[in-house]
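Number of protein chains: 2
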Amino acid sequence: MHICEFQEMMKRLYFHRDNRRGMRSTYEWLTDEVQELGEALTSNSKEELEAEFADVIAWLASLANVAGIDLEKATLKKYANKCPKCLRSPCQCTF
Amino acid sequence: MHICEFQEMMKRLYFHRDNRRGMRSTYEWLTDEVQELGEALTSNSKEELEAEFADVIAWLASLANVAGIDLEKATLKKYANKCPKCLRSPCQCTF
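Heads up: the protein sequence lines correspond to chains A and B, in order. Numbering-wise, the working numbering puts 71 at position 71 of the first sequence, and it's gapless, one number per residue. Numbering-wise, the working numbering puts 118 at position 23 of the second sequence, and it's gapless, one number per residue.
Since the hints were made in silico from the structure, they are not lab data. Be aware that a few hints might be false.
[Stated by the list, open to error] Calculated cross-link-like contacts (lysine-lysine; reagent style DSS-like; alpha-carbon spacing at most 27 Å):
no. : chain 1 : residue 1 : chain 2 : residue 2
1   : B       : K172      : A       : K85
2   : B       : K106      : A       : K46
3   : B       : K173      : A       : K82
4   : A       : K78       : B       : K177
5   : A       : K73       : B       : K168
6   : B       : K180      : A       : K77
7   : A       : K46       : B       : K141
8   : A       : K78       : B       : K180
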């Protein structure tokens, strides 16, 4: 599924709630999910880990919807087959 | 671009670094980027905001690569045209 299709799906499912909740509270949900992902990294359950990755990208798409950002367009503007810092593929940054 | 194609692109660009850095440090980069996204939400620059959204999904894909998780598969397993909690579209959860 394209990133933009996933963002549209999240809009159909959740925008009525996301928009009412607002940008700051939606961001707080995202940070909670990132924390849960961090905890799941130490678990032995691949299923739990998959679910937490899913939640983070879902809340990121929800936040992009509330902020009026096209996540796929924004992503490919910065990461288009090369590192945005060294402009090479693979990245050869030295830091 | 498909979510899986983006994850593959991140692998080509960064896996040699991500894998050496390891899961915990890659997760820490993700949390730093989420914090920067939070700061960018209050800025007036759409360009800056787009770049921060791009960074978060990029680091999420990098982390998925290190963790051996297929981000698209994991996402569609949980969010397939319906809310995973109430099983409806749009979501009708009451909490």
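Taking the hints in turn, this is what the structure says about them:
| no. | hint | in the structure |
| --- | --- | --- |
| 1 | B:K172 <-> A:K85 | violated (34 Å) |
| 2 | B:K106 <-> A:K46 | holds (20 Å) |
| 3 | B:K173 <-> A:K82 | violated (30 Å) |
| 4 | A:K78 <-> B:K177 | violated (30 Å) |
| 5 | A:K73 <-> B:K168 | holds (21 Å) |
| 6 | B:K180 <-> A:K77 | violated (34 Å) |
| 7 | A:K46 <-> B:K141 | violated (36 Å) |
| 8 | A:K78 <-> B:K180 | violated (34 Å) |
Checked against the numbered hints listed earlier, the structure breaks hints 1, 3, 4, 6, 7 and 8; every other hint is satisfied.
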